[in-house]
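Asks: Below are the chains, spelled out letter by letter.
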Amino acid sequence: MDSIYIHIILLALIIISSIFAVSYARVIRGAIILGIVSMLVSISLFLLSCPLAGIFELSVCSGLITVIFISVISLTLPPDEKQRKVNSVSMMKKMVLLVLLVLVCGFSLYMLDSKNITFVPLMQNVQESIDTRDNIWNLRHVDLIGQALILLTGLFAVVVLFKKDKNKDKK
Amino acid sequence: MSVENILLFKLYIIATPVLFLVGIYAIMTTRNIIATIIGIEIMTKGVTLLLASCGYFNGRPEMAQSFIIIMIVVEVVILTISAGLIFNIVKKHDSLDTRNIRNLKG
Chain A
1 MDSIYIHIIL LALIIISSIF AVSYARVIRG AIILGIVSML VSISLFLLSC PLAGIFELSV
61 CSGLITVIFI SVISLTLPPD EKQRKVNSVS MMKKMVLLVL LVLVCGFSLY MLDSKNITFV
121 PLMQNVQESI DTRDNIWNLR HVDLIGQALI LLTGLFAVVV LFKKDKNKDK K
Chain B
1001 MSVENILLFK LYIIATPVLF LVGIYAIMTT RNIIATIIGI EIMTKGVTLL LASCGYFNGR
1061 PEMAQSFIII MIVVEVVILT ISAGLIFNIV KKHDSLDTRN IRNLKG
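Respectively, the protein sequence lines represent chains A and B.
Using this note's numbering, you'd call the opening residue of the first sequence number 1 and step up by one each time.
Using this note's numbering, you'd call the opening residue of the second sequence number 1001 and step up by one each time.
Among the clues, some could well be false.
[To be verified] Only pairs whose alpha carbons sit at most 25 angstroms apart, straight line, appear in this in silico BS3-like list of lysine-lysine:
1) K163(A) with K1091(B)
2) K1091(B) with K164(A)
3) K1092(B) with K163(A)
4) K164(A) with K1010(B)
To be clear, the hints were calculated from the coordinates, so they are not data collected in a lab.
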């Protein structure tokens, strides 16, 4: 068991950096900070004895997703100052939403605390100390079919969305 | 569970909905499509952490790991499709404003 302070510091850093990621007007900064959030989450996953998930998070979410975000941002036109002002939601509305969300969060945390949760219910029909690879390939193989279908859907969507308009080229 | 573990578990239970709410706040307060997707990503980070913490305190992190890996794959597919959609929206409307795509036509 690691020191509890490491977890507290990591969680605080994750929350603060995610707030920074959403509050920047320039999305490129937000995308870079999102990569940092992913990196911190992967450290948390390592501490929570999920090393495989941590590696996935670090390589895919912190690496690939940040690269995709930056390439999307660089390929789209940056909004000018006038457009940015039009796009931004009024400060008053933002504040009202923030107060509302804090109230909802506070109420739900109060309810959670009053329930005095001290355990996570065990899942039924799960073998003890089964390896992650065995778990994925043998126990949850239906999920793998779903995963393959989702990947194929993504592939199909990318082919359709990035297809060149032939009629436009003829004109 | 020991007292320290219970405290840590409660900490994760408190922190992960906060992350989820930060994502919802980002989606509600922006009209930029890319910022909206950043909000969705932050929401999934919260869910990932909650899954990992539940697996850890349950004593079965292997189960949580497999779910997290599946979720990461779904996350990447969502992002790739939304990148394609963003390209098409920018090509059509020359802007990243979500108000341009509110009306359904067809």
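Asks: Indicate, hint by hint, whether the structure satisfies it.
Replies: How the hints compare with the structure:
{"no.": "1", "hint": "K163(A) with K1091(B)", "in the structure": "13 angstroms, holds"}
{"no.": "2", "hint": "K1091(B) with K164(A)", "in the structure": "12 angstroms, holds"}
{"no.": "3", "hint": "K1092(B) with K163(A)", "in the structure": "14 angstroms, holds"}
{"no.": "4", "hint": "K164(A) with K1010(B)", "in the structure": "52 angstroms, violated"}
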